[in-house]
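Listed in order, the protein sequences are those of chains A and B. To convert, take the position in the first sequence, counting from 1, and add 871; that gives my numbering. To convert, take the position in the second sequence, counting from 1, and add 871; that gives my numbering.
Wrong hints could be hidden among the right ones.
Identical chains blur together in the list; that is why a pair holds if it fits in one copy or across any two.
Listed below are the simulated DSS-like cross-link pairs for lysine-lysine, each with C-alpha atoms no more than 27 Å apart in a straight line [stated by the list, open to error]:
| no. | residue 1 | residue 2 |
| --- | --- | --- |
| 1 | LYS1096 | LYS1151 |
| 2 | LYS1080 | LYS1096 |
| 3 | LYS966 | LYS1126 |
| 4 | LYS1023 | LYS1066 |
| 5 | LYS1137 | LYS1151 |
| 6 | LYS1137 | LYS1126 |
| 7 | LYS1131 | LYS1161 |
| 8 | LYS1080 | LYS1066 |
These are calculated hints, taken from the structure and not from any lab test. Only a predicted model underlies this, so the values are computations on that prediction, with no experimental measurement involved.
There are 2 protein chains.
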Amino acid sequence: MLTIVVDAMGGDNAPACVVDGVVEALRESSNRFEILLIGQDEKVAPLLRQHDTAGLNLRFMHAPEVVTMEDVPATAVKAKQESSLVLGLKLCKSKEADAFVSAGNTGAMMAASLFVLGRLPGVLRPTIYAYFPRLGEGLTNIVDVGANVDCKPENLVQFAEMLTIYQRYAAKIDNPVVGLLNIGEEEGKGPDYLKQAWNLLQEAHGQGKINFIGNIEGHDILAGKATIVVCDGLVGNTILKFGESIPHFLGALFKPALEKLVMAGKLDQNSAALAGQAFKGIFEPFDVEKFGGVPFLGVDGISIVGHGRSSSRAIKNMIYMAEHMIEQRVNERIAEMLS
Amino acid sequence: MLTIVVDAMGGDNAPACVVDGVVEALRESSNRFEILLIGQDEKVAPLLRQHDTAGLNLRFMHAPEVVTMEDVPATAVKAKQESSLVLGLKLCKSKEADAFVSAGNTGAMMAASLFVLGRLPGVLRPTIYAYFPRLGEGLTNIVDVGANVDCKPENLVQFAEMLTIYQRYAAKIDNPVVGLLNIGEEEGKGPDYLKQAWNLLQEAHGQGKINFIGNIEGHDILAGKATIVVCDGLVGNTILKFGESIPHFLGALFKPALEKLVMAGKLDQNSAALAGQAFKGIFEPFDVEKFGGVPFLGVDGISIVGHGRSSSRAIKNMIYMAEHMIEQRVNERIAEMLS
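All chains should be modelled from the sequences, with the hints used to inform the complete structure.
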């Protein structure tokens, strides 16, 4: 049976929503795996007592230290060796567990995963991607979204290769489509590192490793032109954060516009409320909770990080994601392709 | 009296909407300036005949060649010396005219402006910015948006300095605020070239040249944290094109959501139409037409380029923008700050 370690201390709503998510996952899956919850005893134990955990495949392990959102990633990993983050990953390294899940400090998770688990054979730099909404069916991921700034062309190609494996086997996308985010569609556009990346991606395409459609532009992301949008971590991180700010921005404009129509007697309260709900609904594709989190691709183990705002539902989905990655042998397949 | 050269052949709707825009500008401004319309006689003359141009400060000049949207910028400028684009800019260079306005091929405009007009003293690289919507009053510009990929730190600082001058004198922003677009707010974040840019921007701030608030992130753009968002052309171009794709993307989700409510008998047709109009209205801040276009900052002359989709209103506003830049001595002030 698989053992998944869950960081009780990670995330803005931890440990309460982590405990809830863990219990839900075990109940819903009928104890299909074992969960090892790790965190500060004094904070987690009282929460566990609020649940009926009898018969659940749930163990608890005390970790005295906590890596916070404010901790500087590289320093935190070295200074807080007794944290749930570091101890949890060490259990994966020693094969006492199969995967680690946390909604904690992303930078620290990345640093600790790399430091404790190391890289898969052939991987130059592990990476992290993000989900984006799109028109039509399917899935859009952007890679990298902040783990790697100053990418070399060969890094970008590996990101495309690793995410192709992930999408094909873990996300059930039959034919992942890779686009290189650039300032123009034509070959030969953009800075030198993207021109070189274009050549290498074309080469990988020729070898049947990926399905590369060439350069794509900013407006092609939401249009769903590619399932894998490849870019440097600075570009990806900026687009991601910009995208996350859109619902609030537009909501702040739409709400008063509806209120004005109500005040003018043109729209009744009920219709305005319905329109407001429909408006909120269009941002559902922006909901990252259904995916839970994202794995670090390229580390020698399974390490999944969630948004700081993760709910119990997100935690639960991250646990399923871990299970699925193991079953689908995603890491073995990545190592096969890259080495 | 000022003479503004307008490229009759530039833009998707040229020459018809250019002719309309020119006539409107002269009528509305009561002939405050002279306009020299330049383009292919056989295409422009019939359109001019449709207007009553008697008494307008309008001259026409024939240019046999046309730079199209498909032309490769660098090649086009050398190969099409008899184009409206190159001839128009040459009139500015020889001081026979004071400014050049076109809604044509942006890359070719940039190349031709640099080639024909040259740079202002002290300017390393001219740049081009874009408008972004924001919450609250004021104005947000992003610089660079595609003219310069692979920026050096000193280029980014000059972009901030030039746009500070432009906003202060031509856009009437009392205190332009500069933010450096990065993956995190803290000092020391991001790739090396941004760390170095941070230092140089801080230095320029200390010298009173700009008002620098440090690093900003993707979600700070729409929030209006800075009036000047500084980044490499690859990042700016991507964000710009991504942003431009949002209204269509969300409209494609909202329209069927409203229709569904109507079909279900929950919302009447009229209310749905009103909500749909209110929805369209929230994208008005995305309307670049009111600004018309953007000037190339840093070239030794005034060269303003508009969106390919420019309407007659956009052309008219670009003409006013040219007039305003001359009156406010924007280029002289940039040269003073940078040299």
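(request) Using 27 Å as the alpha carbon limit, work out where LYS1080 and LYS1096 are close: within a copy, between copies, both or neither. (result) within (19 Å within a copy, 43 Å between copies)
(message) Cα distance capped at 27 Å. Does LYS1096 pair with LYS1151 within a copy, between copies, both, or neither?
(response) both (25 Å within a copy, 25 Å between copies)
(message) At most 27 Å between alpha carbons: which applies to LYS1080 and LYS1066, within, between, both or neither?
(response) within (19 Å within a copy, 36 Å between copies)
(request) At 27 Å max between alpha carbons, let me know whether LYS1137 reaches LYS1151 within a copy, between copies, both or neither. (result) Intra 21 Å, inter 17 Å, cutoff 27 Å: intra and inter.
(message) Regarding LYS966 and LYS1126, is the shortest C-alpha distance of 27 Å or less found within a copy, between copies, in both, or in neither?
(response) Result: close neither inside a copy nor across copies, 52 Å intra and 52 Å inter.
(message) For LYS1023 and LYS1066, with the copy left unspecified, which applies at a CA distance of at most 27 Å: within, between, both, or neither?
(response) both (11 Å within a copy, 18 Å between copies)
(request) Measure nothing new, just compare the shortest in-copy and cross-copy C-alpha distances for LYS1137 and LYS1126 to 27 Å and report within, between, both or neither. (result) Both ways: LYS1137 and LYS1126 sit 15 Å apart in one copy and 20 Å across, limit 27 Å.
(request) Using 27 Å as the alpha carbon limit, work out where LYS1131 and LYS1161 are close: within a copy, between copies, both or neither. (result) between (34 Å within a copy, 24 Å between copies)
Of the numbered hints given earlier, the model fails hint 3 alone.
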